[in-house]
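Full structure from sequences and hints, please.
The opening position of the sequence shown corresponds to residue 1 in the numbering used here, with each subsequent residue numbered one higher.
Be aware that one or more of the hints could be misleading.
Unchecked claim - With a cut-off of at most 30 Å between alpha-carbon atoms, the simulated DSS-like pairs for lysine-lysine come out as follows:
no., residue 1, residue 2
1, K83, K66
2, K4, K83
3, K66, K78
4, K66, K4
5, K78, K4
As the list claims (entries may be wrong) - The calculated label-pair distances, taken between Cβ atoms and stated as ranges, are:
no., residue 1, residue 2, range
6, E26, K78, 35 to 43 Å
7, V60, N87, 23 to 31 Å
8, T52, F85, 14 to 22 Å
9, T32, K66, 16 to 24 Å
10, G27, N87, 33 to 41 Å
11, S84, D8, 34 to 42 Å
12, E69, T28, 32 to 40 Å
13, T52, E26, 16 to 24 Å
14, T52, A74, 32 to 40 Å
15, G13, L61, 14 to 22 Å
16, R94, E63, 20 to 28 Å
17, A86, T28, 35 to 43 Å
Since the hints were made in silico from the structure, they are not lab data.
Quick reminder that beta carbons are idealized off the backbone N, C-alpha and C, glycines included.
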Amino acid sequence: MSYKINSDCTNCGACEAECPNTAITEGTDSRTINADACTECVGFHAEPQCATVCPTESCVLDEANKETESALIAKLQKLHPGKSFANPMPSHFRK
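Given below as structure tokens:
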């Protein structure tokens with residue numbers, strides 16, 4: 001499942017710099033997350049970094065975009081062709 005940014009966002013930008021997939025962009029009043037580019041940081045970090053750094057806790061799971069770890073890994077490999085990732089990949093699915 002990808003993350004989304006709710007209406008509590010103050011548009012501070014803390015999350016955008018942390019996204020390894022550049023899935024977060026600046027909007028008029030808040031940031032937005034492109035679900036097609038969000039891998040919940042699987043492959044890069046053990047926790048979604050947007051949610052970790054957000055001072056207003058505005059980065060939340062998007063229940064409308066549920067994805068399995070394998071689907072997120074496939075998306076990751078499509079977004080970063082040719083890149084090698086650690087085995088096992090960092091993932092919040094493996095706590």
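Next on the checklist: For a quick check of understanding: which of the numbered hints are violated here, in increasing order?
Outcome noted: 6, 14
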